[in-house]
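> Here's the letter readout for the chains.
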Amino acid sequence: MLKLTKVSKVYEGKVAYRALTDINVEIEKGEFVAIMGPSGSGKTTLLNIISTNDAPTTGEVVIDGENPHKLKKNALAKFRRNELGFIFQDFNLLHTLTVEENIVLPLTLDGTPVKEMKEKAQKIADTLGISSIMHKRTYEISGGQAQRVAIARAMIHEPRLLLADEPTGNLDSKAAKDVMNMLVSINETEKTSLLMVTHDPQAASYANRVIFIRDGKLHSEIHRGESRQAFFHKIIDMLSLMGGDGNDFSSIRV
Amino acid sequence: MTFRQFAFNNVLRNKRLYVAYFLSSMFTVMVFFTFAIFAFHPTFSDGSVNQNALLGMAVAGGIIYVFSFFFVLYSMSSFLQSRKKEFGLLMMLGASNRQIRLMVFLENILIGFFATIGGILIGLVFAKAILLVAENVLIISESLDFYFPTFAIVVTFSSFFVLFFCISIFVSFILRTNKLIDLIRGDKQSKGEPKASITLSILAALLIIAGYGTALYVQGVQVVFAMIPVILVVTLGTYLLFTQLSVYVIHRLKNNKTVFWRKTNMLLFSDLSFRMKDNARTFFMVAIISTVAFSAIGALYGFHSLITKGGKDSDLYTYQYIPWLEDREEVVKEDVRKMNAILQEDKVETKMEALELTYFEPTEEVGEALIVRASDYNRFASLNKENELNPGEHEFIVVKQNGVGMMQGLGASEDLMEATIELDNGQEVKPSNVIESAVLPNDSYYVVNDNIYEQLGSPVRTDWSVVWKAKEGQPDQKLIEAGRKLTEQLEDKAYSVDYQLYEINKMYGPILFIGLFIGIVFFVSAGSFLYFRLFTDLEEEKRKFRSIAKIGLTQTELNKVINRQVAILFFSPIVVALIHGSVALTALSHMFHYDLTIESTFVLGSFALIQVIYFFIVRFFYVKQVKRRVF
Chain A
1 MLKLTKVSKV
11 YEGKVAYRAL
21 TDINVEIEKG
31 EFVAIMGPSG
41 SGKTTLLNII
51 STNDAPTTGE
61 VVIDGENPHK
71 LKKNALAKFR
81 RNELGFIFQD
91 FNLLHTLTVE
101 ENIVLPLTLD
111 GTPVKEMKEK
121 AQKIADTLGI
131 SSIMHKRTYE
141 ISGGQAQRVA
151 IARAMIHEPR
161 LLLADEPTGN
171 LDSKAAKDVM
181 NMLVSINETE
191 KTSLLMVTHD
201 PQAASYANRV
211 IFIRDGKLHS
221 EIHRGESRQA
231 FFHKIIDMLS
241 LMGGDGNDFS
251 SIRV
Chain B
1 MTFRQFAFNN
11 VLRNKRLYVA
21 YFLSSMFTVM
31 VFFTFAIFAF
41 HPTFSDGSVN
51 QNALLGMAVA
61 GGIIYVFSFF
71 FVLYSMSSFL
81 QSRKKEFGLL
91 MMLGASNRQI
101 RLMVFLENIL
111 IGFFATIGGI
121 LIGLVFAKAI
131 LLVAENVLII
141 SESLDFYFPT
151 FAIVVTFSSF
161 FVLFFCISIF
171 VSFILRTNKL
181 IDLIRGDKQS
191 KGEPKASITL
201 SILAALLIIA
211 GYGTALYVQG
221 VQVVFAMIPV
231 ILVVTLGTYL
241 LFTQLSVYVI
251 HRLKNNKTVF
261 WRKTNMLLFS
271 DLSFRMKDNA
281 RTFFMVAIIS
291 TVAFSAIGAL
301 YGFHSLITKG
311 GKDSDLYTYQ
321 YIPWLEDREE
331 VVKEDVRKMN
341 AILQEDKVET
351 KMEALELTYF
361 EPTEEVGEAL
371 IVRASDYNRF
381 ASLNKENELN
391 PGEHEFIVVK
401 QNGVGMMQGL
411 GASEDLMEAT
421 IELDNGQEVK
431 PSNVIESAVL
441 PNDSYYVVND
451 NIYEQLGSPV
461 RTDWSVVWKA
471 KEGQPDQKLI
481 EAGRKLTEQL
491 EDKAYSVDYQ
501 LYEINKMYGP
511 ILFIGLFIGI
521 VFFVSAGSFL
531 YFRLFTDLEE
541 EKRKFRSIAK
551 IGLTQTELNK
561 VINRQVAILF
571 FSPIVVALIH
581 GSVALTALSH
591 MFHYDLTIES
601 TFVLGSFALI
611 QVIYFFIVRF
621 FYVKQVKRRV
631 F
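Residue numbers (my numbering), protein chains in the order written: chain A, 1 to 254; chain B, 1 to 631.
Rather than coming from a laboratory, the hints here were simulated on the basis of the structure. These numbers come from a predicted model, not from an experiment. Just to be clear, a hint being listed does not mean it is correct.
[What the hints assert, rightly or not] Example chain B residues on the side facing chain A (calculated, C-beta under 8 Å, incomplete):
| id | residue |
| --- | --- |
| 1 | Thr2 |
| 2 | Phe6 |
| 3 | Asn9 |
| 4 | Asn14 |
| 5 | Arg98 |
| 6 | Leu102 |
| 7 | Gln474 |
| 8 | Gln477 |
Glycine included, C-beta positions come from ideal geometry on N, C-alpha and C.
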């Protein structure tokens with residue numbers, strides 16, 4: 001599904017800065033992978049490269065047999081619109097639009113008939129439990145609701161790869177748990193591949209596999225076996241093994 | 001929600017963001033439309049106004065239109081700059097370049113459409129006022145009544161439809177969507193400080209000093225030749241002043257920790273340097289545009305007063321009669337009789353004096369010179385309550401027309417002074433002194449004692465000068481009317497100051513009006529450039545002040561920072577423009593040898609006052625906006 005081969009990123013500037021070095025990652029279809037690492041380890045750079053926002057300096061990204069970085073501008077726009085879905089830490093909803101309009105925006109850009117958009121939006125809103133706020137504006141809803149709207153927007157066009165950047169970063173523990181459960185159920189029912197960057201071991205413990213990166217290099221990866229609780233402890237252990245001070249990581253919720 | 005609905009909703013639900021762009025577009029439409037109402041007024045189309053004035057109006061309309069184009073384009077692009085993040089997000093969601101361009105295009109068409117309608121409506125409201133102003137500034141025989149300007153509406157609507165259409169296409173093409181990552185971070189990135197080099201900073205100062213020096217040094221016709229190079233040098237100097245010198249000064253201030261780390265200075269200067277690149281460009285543009293406005297209006301106003309006041313000053317008499325050279329005495333007598341008849345018919349009360357001018361040839365070098373009896377001179381002088389001259393025996397007084405500057409014969413009085421006059425009895429006399437007076441309409445002449453006059457022998461040529469002085473307190477209209485009749489019936493041998501001025505004003509009025517109009521347009525647009533600069537960064541400012549307020553910032557401190565920030569933005573370009581303008585007007589006054597101090601003070605002072613008022617209004621709203629979010 002997603003394959004990264006020897007991806008490196010160097011930021012040119014007064015002092016050239018090497019953000020990523022020879023990253024090799026492969027994600028299977030329907031897999032849920034979390035990427036963890038301390039601040040400045042290159043997690044977000046990696047996500048930006050996968051999401052085609054940023055180009056790698058060397059190396060290759062292949063999504064579903066296609067290298068999006070080689071596509072022309074318009075084809076790339078189509079590719080994003082059809083294959084990728086995005087969830088951000090600060091939601092990035094357009095405040096000029098209502099909740100419903102925000103959700104259907106990717107379809108609107110694709111020129112889908114209005115009737116079809118309405119149906120799809122209603123269906124996804126029902127699953128995510130936001131059908132009651134469909135006509136509200138984005139400043140009238142809570143953070144948890146906003147993130148659910150963002151998930152709905154990321155899902156409505158049934159992308160093959162869902163990319164999430166700290167999706168629980170701005171949420172309280174209850175809302176974070178709900179959002180993670182939602183992502184897992186989407187992952188399981190729709191067989192959407194999911195790649196999530198996070199600081200939060202609790203959120204990461206919902207994944208099938210966690211990849212740790214440090215100073216722009218792959219450090220290690222662990223697989224979820226038995227229960228989520230045990231996986232969570234393994235993640236915590238790994239984080240401490242990585243040698244980061246305990247306070248490198250945001251609050252740990254149990 | 002279709003894509004079109006999305007684009008429209010984006011505008012309609014986000015009025016605050018679009019309002020500045022909308023208002024400035026509406027403003028340009030309004031300006032053009034009011035001008036069109038004036039230019040297409042039925043009074044002008046029936047041929048009573050001369051062709052030159054109509055051509056002038058067409059050119060002015062063209063200038064306003066071209067300026068509107070660039071103004072709208074500038075507003076548009078600065079507006080788009082502030083929306084980078086939104087475009088980035090849309091592109092992440094899979095919007096193609098074409099779709100973003102389409103969105104911008106649709107937005108523009110929507111805003112352009114309403115701005116055109118709104119501008120025309122507001123223009124209609126102001127139509128009566130502008131026609132009243134025009135009526136008073138222009139001297140038009142008919143009054144400019146209000147009319148329903150169908151043609152002006154059609155012209156305005158179609159020209160601005162075309163304008164917004166072109167700009168929409170243009171903008172959507174120049175909307176270079178650079179790397180997505182830059183777009184998303186767009187609003188957090190500074191364009192950085194321009195590099196300040198000491199050499200260029202010194203060059204900036206040198207260029208401006210050189211430009212000013214030249215402008216103030218040259219005199220008369222030289223001003224015309226010096227004008228273009230001085231404008232170029234000063235423009236370049238101004239550009240360097242803002243991009244180099246100011247950056248250099250801020251740099252120095254930032255390095256000076258005692259100043260930079262003193263209270264709120266840090267906030268102020270860091271902010272200034274953060275936006276220096278944008279600011280420098282705006283400052284430069286505003287300074288140059290305002291200079292153009294100031295100089296244009298100042299020059300026109302000064303020129304106007306030069307013509308009217310100059311005319312009134314040098315002509316003491318209401319009417320004058322100067323016969324052609326070959327006219328014999330009978331013709332002159334007949335003409336004077338005719339003139340008196342006309343004056344009587346029009347019931348203009350006047351006093352008349354006539355004088356036979358006698359020209360002598362005292363020496364070879366001087367050639368012909370007019371010599372006047374003191375008694376004759378005093379007769380004319382008493383008509384104007386001017387000082388009488390009582391030259392002594394053997395005294396020659398040279399009288400020079402006062403206010404003679406531009407006209408040739410500047411040296412004539414010197415020539416007369418040099419000459420030595422030989423009287424009939426062989427005695428030689430040197431002229432004693434020169435005085436300035438306008439008692440006789442001639443350029444330079446001698447006034448001599450009546451006794452000496454008898455000893456001069458026979459004149460080489462004689463001429464006539466007849467003048468009428470109207471009694472004070474008669475209405476100008478009556479004098480002008482009589483003047484018109486005299487000028488027409490006596491084939492330019494009769495001359496009437498009031499009628500002449502009336503004619504000049506009539507010709508000059510449209511130019512003055514158009515000049516004023518364009519000047520004001522430029523000045524107001526300079527004001528909106530500043531407004532844009534300020535409000536483009538409003539969101540960023542709010543965020544900044546909110547985070548500082550969390551650390552602890554009192555309202556007074558906030559006021560102080562904002563006050564200084566806005567003041568620097570508003571006044572630094574205007575002060576430069578005022579100085580530029582005053583230098584330009586001084587150079588102009590050197591060109592005409594006419595003191596324009598009062599006029600330039602008046603013009604520049606009123607602009608400065610308007611700017612101060614504008615500053616207070618904008619600051620009030622700006623502070624209110626920021627405070628609402630911060631406290």
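> For every hint, state whether the structure bears it out.
Taking the hints in turn, this is what the structure says about them:
Interface hint status for Thr2/B: upheld, as the beta-carbon distance to the closest one in chain A is roughly 6 Å, under 8 Å. Using the Cβ-Cβ criterion of 8 Å, the hint placing Phe6/B at the interface with chain A is satisfied: the shortest such distance is roughly 5 Å. A hinted interface residue such as Asn9/B counts as satisfied when its beta carbon comes closer than 8 Å to some beta carbon of chain A; here the least separation is about 6 Å, so the hint holds. Hint status for Asn14/B: holds, given a least beta-carbon distance of 4 Å to chain A, under 8 Å.
Checking Arg98/B against chain A: minimum C-beta separation of about 7 Å stays under 8 Å; hint holds. For the restraint placing Leu102/B at the interface with chain A, the shortest Cβ-Cβ distance is roughly 11 Å, beyond the 8 Å limit, so the hint is violated. Of the supplied interface hints, the one on Gln474/B is violated, with its beta-carbon coming no nearer than about 70 Å to a beta-carbon of chain A, more than 8 Å. Contact between Gln477/B and chain A, as hinted, is not supported at the beta carbon level, the nearest pair being about 63 Å apart and thus beyond 8 Å.
Hint check: violations occur at hints 6, 7, 8; the rest are consistent with the structure.
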